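**Q** Residue numbers (this note's numbering), protein chains in the order written: chain A, 1 to 291; chain B, 292 to 686.
Please note that a few of the clues may not be correct.
Simulated restraints on C-beta separations [claimed, not checked]:
hint : chain 1 : residue 1 : chain 2 : residue 2 : range
1    : A       : A62       : B       : G342      : 50 to 60 Å
2    : B       : K384      : A       : K116      : 47 to 57 Å
3    : A       : K116      : B       : K403      : 17 to 27 Å
4    : A       : K146      : B       : A425      : 29 to 39 Å
5    : A       : D55       : B       : N451      : 28 to 38 Å
6    : B       : E514      : A       : E46       : 48 to 58 Å
7    : B       : E651      : A       : L287      : 37 to 47 Å
8    : B       : E674      : A       : T47       : 54 to 64 Å
If you're looking for bench data, these hints aren't it; they were derived computationally from the structure.
From a predicted model like this one, the values you see are computed outputs, not experimental measurements.
All C-beta atoms, glycine included, are put in the ideal place defined by N, C-alpha and C.
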Amino acid sequence: MAILVDENTKLLIQGITGKNASFHAKLMKQYGTKILAGVTPGKRGETIEDIPVFDTVFDAKANYPEINTTSIWVPPLFAKDAILEAIDANIKNIIVITERIPIHDMLYARKKAIEKGINVVGGNTPGIISPEKALVGMLPRKTFRKGHIGTVARSGAITYYLANTLNLAGYGESTSVGIGGDPILGMTFGDILKLFDEDPDTHAVIMAGEIGGVYEEMAKETIKNMKKPVLAFISGRYAPKGKRMGHAGAIVEGNLGTAQSKIDALREAGATILETFSEIPLRLKELNILP
Amino acid sequence: MRLYEYEAKALFRENGINIPESLLIDKNVQWDILKTHITYPAVVKAQILTGKRGKRGLIKIVSSKEETAQAINTLMDTRIDGMIIEKVLIERKENITEEYYLSITIDRMRHKPVIIISHRGGMDIEEVNKTFPADIYKYYKDVGEKLQPYEARKIASIVNTKRKSLLNLANIILTLYNKLFLKFDAKLVEINPLGRIENHWIALDGKIDIDEDGFIRHPELKEQGIQLRHEVGELNEREKKAKASGIPYVELDGNIGVFPGGAGFGIASIDLIAHYGGKAANFMDSGGAPTQERLKTMLGLLMDNPNVKVIFGARFGGISRCDDWAKAVCEYVLTNHPKKPMIMRMTGNMEEEGRKIFDEAKKQHPEYFKHIAVYSADKPIEEVIKEAVNKAKEV
Chain A
1 MAILVDENTK LLIQGITGKN ASFHAKLMKQ YGTKILAGVT PGKRGETIED IPVFDTVFDA
61 KANYPEINTT SIWVPPLFAK DAILEAIDAN IKNIIVITER IPIHDMLYAR KKAIEKGINV
121 VGGNTPGIIS PEKALVGMLP RKTFRKGHIG TVARSGAITY YLANTLNLAG YGESTSVGIG
181 GDPILGMTFG DILKLFDEDP DTHAVIMAGE IGGVYEEMAK ETIKNMKKPV LAFISGRYAP
241 KGKRMGHAGA IVEGNLGTAQ SKIDALREAG ATILETFSEI PLRLKELNIL P
Chain B
292 MRLYEYEAKA LFRENGINIP ESLLIDKNVQ WDILKTHITY PAVVKAQILT GKRGKRGLIK
352 IVSSKEETAQ AINTLMDTRI DGMIIEKVLI ERKENITEEY YLSITIDRMR HKPVIIISHR
412 GGMDIEEVNK TFPADIYKYY KDVGEKLQPY EARKIASIVN TKRKSLLNLA NIILTLYNKL
472 FLKFDAKLVE INPLGRIENH WIALDGKIDI DEDGFIRHPE LKEQGIQLRH EVGELNEREK
532 KAKASGIPYV ELDGNIGVFP GGAGFGIASI DLIAHYGGKA ANFMDSGGAP TQERLKTMLG
592 LLMDNPNVKV IFGARFGGIS RCDDWAKAVC EYVLTNHPKK PMIMRMTGNM EEEGRKIFDE
652 AKKQHPEYFK HIAVYSADKP IEEVIKEAVN KAKEV
């Protein structure tokens, strides 16, 4: 088992003819991810890395009804439409690589996804990998090794450093999830943690958050109820201060969003707080989690 | 991106919300204030993106031409939080009966817009929230739907105004939500104070914060002279250069130049450097898949910063490929022959190709690569950071 992507993933790539999408289609395919089709409006009949391209998600789905996952690589102002098209076509997992999607667009897309019970990961995610099973996105494949630690992070590079650190110590990953760096996300830390808690292949979870937003604090209740240990790395303790959302933001969110508020919330929930990557193997051993 | 008060108020007026009679003074435009007709008493307000202007002396009440000229002189060109006052707004001082608070923002926990209203406006609303939480009313609205008139009336009636003013207040709430907040990709629309004069309402201040990522689809804002801007204080030469190239770059007071990948690891590396006893000289974000030009500009900024003694670089190739990164770094080194030590690590997508590029360049010109180390995945990132911290202590 793994979460979200695995050997049964049948992938669609929306925006496949773009430079990054076509390059990473090749790498995903080399990794063994089953990519059935791509979509770029107006490019029907073309192929990218032998993957057939269709004009619409519905055409792709009509030809390959087994498609169960899509990845979205379209420009930011088209992302909402692409997500809604995938939701309408009833694709169960939508992984949004596109970054800087307008907030109002993402709020609407995530609401529609939740109404239909569809998983949306991102925007601005580097992707998801379940080592030796499937890779969706642009994660560097050689960095990840099969194992029993689940990771979930907002930043791409931190996802890679977590895996790199685990692997150097003999551990591996069940699934590594980038939840995305945009201000409004589809699935949040809590949603992913719940999936890991139910996954028999995952023995512990490392979450990596950062200053800004409220998603780390929101995971508090989930962590309290989890069977598995959670380790948390929060960056931004020494970061230059950002701008707040004015008075209204303070009324709605109070003092949430700072590194300290996140660390306090997660510690109170029972998570082990990490200050460095290199201490990860030590903390795992203390929790009796072995490679 | 926040709008200036005068920009927000122009949008209010266009949409039928009353604002005081006013005059905008721009430092680049000649005005003979002594010959200008102004109704007194008036208020002279610095146009600057900072809060608590009243408490900081940036809003002055004047009752003559001379006082107005003096207030303008005092305010104009003053530096506040690193920003310079370039415009002031002169407004007629309104004789109001009551001051309300009204705003719309996004609750990121509930993932819904929220309309916030209180009859205790004008003063420090965050303080009111602590002292009189019951006097602040929040109305959550479903995403993707316009506010209906009955909802606006319901919200207005909560703050318990009289019939005629209630309907006028409801109209303002409706306009603010549908014609400003939804239409312009706003993250925040706020009127505080919203003044009542008998049955009418008037916006005495205005704050609008537009989502930068949605700005591009609102040409009508651009037509009004509202430019895409990032909120920054005073910039030094290098920060200005970075801004012109679209690179998020903030200098800190350390001596280790950070040449990271994206923002996430950029922030984490500042913490890790501090954890190992060093101090970062900057925050920087390459963005996903940076161009070679951008990477070279980033390196140039660190080389030009005299406080930077050592450069810590990290490329974990994801969407950004190692070969592109290696090419940019090598070209920079071969052209500029930098003297500052560079302690770096490169791994991820297209790593072998990237390594070949380094090896090749080094073979041709070993003299330029003497101070440069490029480690791979077998050396943990924190070992690389420790080496940079130690190097910075030596230099």
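**Q** Against each hint, give a clear statement of whether it holds in the structure.
**A** Consistency of the hints with the structure:
Our hint of 50 to 60 Å for A62 (chain A) and G342 (chain B) holds, since their Cβ atoms are close to 55 Å apart. The hinted window of 47 to 57 Å between K384 (chain B) and K116 (chain A) holds, with their beta carbons roughly 54 Å apart. A hinted range of 17 to 27 Å holds for the C-beta pair K116 (chain A) and K403 (chain B), which are about 18 Å apart. A hinted range of 29 to 39 Å is violated for the C-beta pair K146 (chain A) and A425 (chain B), which are about 55 Å apart.
For the pair D55 (chain A) and N451 (chain B), the beta carbons lie near 56 Å from each other, so the given range of 28 to 38 Å is not met. Separation of E514 (chain B) from E46 (chain A) is about 39 Å and departs from the stated range, judged on CB atoms against 48 to 58 Å. Distance hint check: the CB atoms of E651 (chain B) and L287 (chain A) are about 46 Å apart, consistent with the given range 37 to 47 Å. Look at E674 (chain B) against T47 (chain A): about 45 Å separates their beta carbons, and that is not inside 54 to 64 Å.
When held up to the earlier numbered hints, the structure conflicts with 4, 5, 6 and 8 and fits the remainder.
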